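One-letter residues, chain by chain:
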Amino acid sequence: MPDREGLATSIDAALTQSQLSRRTLLQRAGLTVLAATPIATTLAACGSDAGGSGAGKKLVAGGAAAAPPASGRLDVLTFEGFDLKSQTRSWVKQNGVSVKTTYVGTTQDVVSKFRGGGGDGLDMFYAGIPSSQLYVDAGVPFEPLDPNKLPNLKNLDPYFAADKPLWTDKNGNRLWLPLDFTVLGITYDSATVPQEPQKWADLLAPSFKDKLLMLDDPNWNLQLACSILKFEPETLTIEQAGKVEDLLRQYIAQTRTITTSWGDATTKLASGEATAMFAGYGGLNVFAAGAGKKTIRTNIKPSEGSFTCVDGLAISAQADNKDTAYAYLNQGLLPKASGEFCVANSVGTPIKGATRYLDRTTRELYPYDNLESVFAEAPLTTDLPVKSTGKNMTAQAWAQRWNALKSGS
Amino acid sequence: MTAEAPTATTAAPASRGRRRVGPALALAPAVAGLAVFLVAPLVVFVGYSFLTGGYYDVTGPLTTDNYRLALESEINRQLAQNSLEIGAAVGATSVLLGLPIAYWLRYCAGRWQTPVLFLFAASMFASYLVRIFAWRTLLGQHGVINSGLESLGVIHDPLAFLLFSKLAVVLALLHIALPYVVLMLFAAFRPLEPIYLEAAQDLGASAWTRWRRVILPLMAAPAAAAFLFIFVLSAGDYVTPQLLGSRTGSLLGVEIQTQFKAVGNFAAGAATSVLMLLGFLLSYGVVAIALRLCGIRRVKWVS
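Residue numbers (my numbering), protein chains in the order written: chain A, 1 to 409; chain B, 1 to 303.
Next comes chain A alone, as it looks inside the complex (with noise of 0.2 Å):
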């Protein structure tokens, strides 16, 4: 990047080191208005956009958009199994790309990981709905997308594919791609719980009292508690953030446990030691299946209402494999690929053509001919605002609420 200031400097410097006459002055002055003005636009095409007015990342007219060559290792921060590392393996193999993850235990640690300094060497990592937009908040450096390299972008279903502030910035540059949308439910073990609870409500009952699980998580809860109250998190007051609170310790009077990750909450569904959760998901269900217990259930219509969680991932703007990063989220964008992830998590799928590869259970989680009837009943929302107006609840006091929550305050 071209230092402005001693560009300028260099420059007054050469003009004021002769002596000049005024001729001389003059004529120097006329090559430098003329030198100065590509200059300024070279610079300004250099310098960065964020924050600024610049006009965001468009795909270039009449140019077709190509993944950019893939090779060399990939750093990846997410959830496990939500790196796509299964299915993109041949392709992964193919390039020659070694994909490494660390996993993430809750959607707080990506923000951790980058503010407590060690998200130097991360290439992607997780990013999606509702988290997103305290991420950007936070300052974890997003890397604005270019979609003349994402070819396979055309496959997001017109949803997905529309700009819309929960995964764009300011610009119009899209921050991330989704790879799954799931609507939070009740998870239950149909084996002990007889009758599928129909609303939250029901986990309340003497019968699920010291058996419920929820998630460490406080904005994940936050949440579907606001769903549940209808409340808008973004622009929640302290006083509604009491009522959440109390409807949260209700839950939490009723947990054996409050577990630490998605993994763990697998394991106690699994033993038995719990038989519901408090906002859990259909890829419970799975995940405990392949542990042996088949009878995990989950209910994702709610009477009270839910929300819809969106998965994605991100190119970090510190990455140093940016093109492999490109072009591996690319692969994600495949049909196939999101076909098969969406089993795998027992997920819905945002990718156009993709519904022919799942299978009929996951097939038939969403009516795919009009998603937007799902996302109206539960709807994508965006987390608590980092900075305080004095009124509303930010992420961090919510946190310290939750911290007090759940240690039985």
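If you're looking for bench data, these hints aren't it; they were derived computationally from the structure.
For clarity, every value in this text was computed on a predicted model and none was experimentally measured.
Treat the hints with care, as some may be off.
[Claimed, not checked] List of simulated lysine to any residue pairs, SDA-like, C-alpha gap at most 25 Å:
| id | chain 1 | residue 1 | chain 2 | residue 2 |
| --- | --- | --- | --- | --- |
| 1 | A | Lys387 | B | Val144 |
| 2 | A | Lys209 | A | Glu245 |
| 3 | B | Lys261 | A | Lys293 |
| 4 | A | Lys209 | B | Val44 |
| 5 | A | Lys113 | B | Val44 |
| 6 | A | Lys85 | A | Lys149 |
| 7 | B | Lys261 | A | Glu234 |
| 8 | A | Lys293 | B | Val144 |
[Unchecked claim] Calculated from the model, a selection of chain B residues having no Cβ within reach of chain A, i.e. all distances over 12 Å:
| id | residue |
| --- | --- |
| 9 | Leu42 |
| 10 | Phe133 |
| 11 | Phe161 |
| 12 | Leu171 |
| 13 | Leu218 |
| 14 | Ala220 |
| 15 | Gly236 |
| 16 | Gly249 |
| 17 | Val254 |
Positions of the beta carbon are idealized from the N, C-alpha and C atoms, including for glycine.
Knowing the structure of chain A, use the given hints to seat chain B on it.
What follows is chain B alone, placed relative to chain A:
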């Protein structure tokens, strides 16, 4: 005038100086390591505790609010109490169990001494997490203990309190701590030759009197050191309470981890850590005073 032959006194300062430099040089790498890996991070931590915590950030101005809030926090009080109870329980139990085991190894094991010592040492190579999950398998509602008791007809419903409770945390930490205590106490028993115990026996001391008048006074200081070591490790643990303790068995270490990882308030986490460190120093002081009051200082090893 004749030159005086160098005497021991005139030659002493040079050799004393060489004797001082030698050990100092030998200790220098260790001191440097401690300075870099212990003192420097501690200084940074203490510095953080007086700054203002942001969202995964620390900034000015300097403040003592972090300490005030940490001391006023009801959760911290509860977790500190849990930590004290569990740390003391694990420390005391491991020493009470470790003493007779170390005694047996020193005086009675014979040819079994080396293999049993090896087993204790080898157990420490097992992964910490694997051991914690093994306790889950043992203590779970459908685990080995409950299934066994149900099949014997001793209970009809599984004992839910075995897992996700303080008991589970204590058992798992005890399992991890015991090999350390046994090895520490065995090393402390080494200088206590059997001849001393035989002499006490010859003078008419019963087994209990030998323990009370010979072994315990000599082993009090090493046992106290072992207790403190395990107390600090157990009270500060944050993995076992999360996996086995749930809400009732949570410890202060979990709170500190949460402050750094989930809440992102480094300053508050640092303040709680410094207070915890001061608590450990206080407990060391209490044990040292207790030993002094028991007259342990008057007990001297005679070589």
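Hints, verified against the model:
no.	hint	in the structure
1	A:Lys387 / B:Val144	violated, 50 Å
2	A:Lys209 / A:Glu245	holds, 19 Å
3	B:Lys261 / A:Lys293	violated, 32 Å
4	A:Lys209 / B:Val44	violated, 45 Å
5	A:Lys113 / B:Val44	holds, 20 Å
6	A:Lys85 / A:Lys149	holds, 20 Å
7	B:Lys261 / A:Glu234	holds, 22 Å
8	A:Lys293 / B:Val144	holds, 18 Å
9	Leu42	holds, 18 Å
10	Phe133	violated, 8 Å
11	Phe161	violated, 10 Å
12	Leu171	holds, 16 Å
13	Leu218	holds, 43 Å
14	Ala220	holds, 37 Å
15	Gly236	holds, 17 Å
16	Gly249	violated, 10 Å
17	Val254	violated, 9 Å
In summary, the structure is inconsistent with hints 1, 3, 4, 10, 11, 16 and 17 from the numbered list given earlier, while agreeing with the others.
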